[in-house]
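A.B. asks: Here is how the chains run, residue by residue.
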Amino acid sequence: MNLEQTFRAAIESRDPQKLCDAIPYAKFLGLRLDLDDDGLICRLPQSDEIIGNPTLPAIHGGIIGALLEATALVHLIWEGEGAIMPKTINMSIDFLRSAGAKDTLARGTITRQGRRVANVRVEAWQDQRDKPVAAAHGHFLIG
Amino acid sequence: MTSTEYGIDLDAILQFTAAIPAMRALGAEVVSLKRGEGCLKLEWRADLVGDPETGGLHGGVVTTLLDTASGMAAFSALKAVMQIATLDLRIDYLKPARPEVPLFADATCYKITRNIAFVRARAYQADDDQIAASLSTFMLASSQMPGPGAKVSS
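Note that the protein sequences, when read in sequence, are chains A and B. Position 58, counted from 1, in the first sequence is what my numbering calls 61; the numbers after and before it change by one each time, with no gaps. Position 17, counted from 1, in the second sequence is what my numbering calls 18; the numbers after and before it change by one each time, with no gaps.
These are computed hints drawn from the structure, not numbers from a lab. Small disclaimer: the values here were computed from a predicted structure and weren't measured. It cannot be assumed that every hint is accurate.
Output of the computed footprint for chain A on chain B, the stretches with three or more beta carbons under 8 Å from beta carbons of chain A [to be verified]: (1) 33 to 41; (2) 106 to 117.
Non-contacting residues of chain B with respect to chain A, defined by C-beta distances greater than 10 Å in every case (computed) [said to hold, decoys possible]: (3) A13; (4) L15; (5) M24; (6) R25; (7) L67; (8) D68; (9) V82; (10) P103; (11) R123; (12) Q131; (13) A142.
Here a beta-carbon is modelled for each residue, glycine too, at the ideal position from N, C-alpha and C.
So that you can see chain A by itself, here it is in the shape it has in the complex:
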């Protein structure tokens, strides 16, 4: 099965986790994808390997960036019609709070979708949805 077929199978079976399983680095991070009332939600499980500052401790900012980007990508694959892997053009990430050594959640929203470019916003949080640890917006080539 090629990547497009894998994506289509995931979408048709309403099993978003299959998207992550097809992306090696998403598997490396152990990302968990679920569907809830608001749509796709992505969980980055806490592990020692994602820590940036062991004394605090805090998750590495780059890993939070990776979670935000991966969330935007799977969101676009899930919502898109082409079942293709989007290409990230750029990402702008605001680090709002230190992310502690615990699970982090993230959710994306498509703010604009053109024929070739999609604009996506993503927020990541830990215990409280209204206290995000990071927020990002990015542009993605989708065609």
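Please arrange chain B on chain A, whose structure you already have, making use of the hints.
C.D. replies: Chain B alone, transformed into the frame defined by chain A:
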């Protein structure tokens, strides 16, 4: 400038960077560190790939390398021992990374004020083969966070 004009010993920054768990998990290593400039290297690995059809590294891996190199550059430019926190990171992906080739990240702290360090960085696989560019800002002494050169009370 003499080293006494700077806050944090370069060796302390090297040790701190080498001990970052997320860096160790990626297998990243420091290539060089000067005042205001840091370079990191990452060997390609199959489990760090973002697109299995091209074999290119995931953007998040590139981001992690750029963020760490940028933090190193900012720390090394500080005039006193203090902590920093990343305010924001903006990254442009210029082209996909090629598989099975190491990735480098060079960062330069090009301006430092009383409150903010401004850093630009580039990720590349060869000198003329730039993959990504980033700009980031760091808040200085944002809190009592532990970092390189921090005094540890016993």
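A.B. asks: Look at each hint and say if it fits the structure.
C.D. replies: Hint-by-hint comparison with the structure:
Note: the segment 33 to 41 of chain B has 0 residues with beta-carbon separation from chain A under 8 Å; the three-residue rule is not met and the coverage is violated. Counting residues of the segment 106 to 117 of chain B whose CB lies closer than 8 Å to any CB of chain A gives 0, so the stated coverage by that chain is violated, three being the minimum. Against the 10 Å criterion, A13/B stays outside the reach of chain A, whose nearest CB is about 13 Å from its own CB. Distance check for L15/B against chain A: the nearest CB is about 16 Å away, which clears 10 Å, and the non-interface claim stands.
Under the 10 Å C-beta cut-off, the non-interface status given to M24/B relative to chain A is violated; the minimum distance is some 8 Å. Chain A draws R25/B into its interface by the beta-carbon criterion, the shortest separation being 8 Å against a cut-off of 10 Å. For L67/B, the shortest C-beta to C-beta distance to chain A comes to about 7 Å, within the 10 Å cut-off, and the non-interface label is violated. Distance check for D68/B against chain A: the nearest CB is about 4 Å away, which does not clear 10 Å, and the non-interface claim fails.
Remark: the non-interface label on V82/B is consistent with the geometry, its nearest Cβ contact in chain A lying 15 Å away (cut-off 10 Å). Listed as outside the interface, P103/B is consistent with that label: its C-beta sits roughly 16 Å from the nearest C-beta of chain A, beyond the 10 Å cut-off. Every CB of chain A lies more than 10 Å from the CB of R123/B, the least distance being 14 Å, so the non-interface label holds. Every CB of chain A lies more than 10 Å from the CB of Q131/B, the least distance being 14 Å, so the non-interface label holds.
Separation of A142/B from chain A is adequate, the least Cβ-Cβ distance of about 15 Å exceeding the 10 Å criterion.
Hints 1, 2, 5, 6, 7, 8, counting from the list given before, are not met by this structure.
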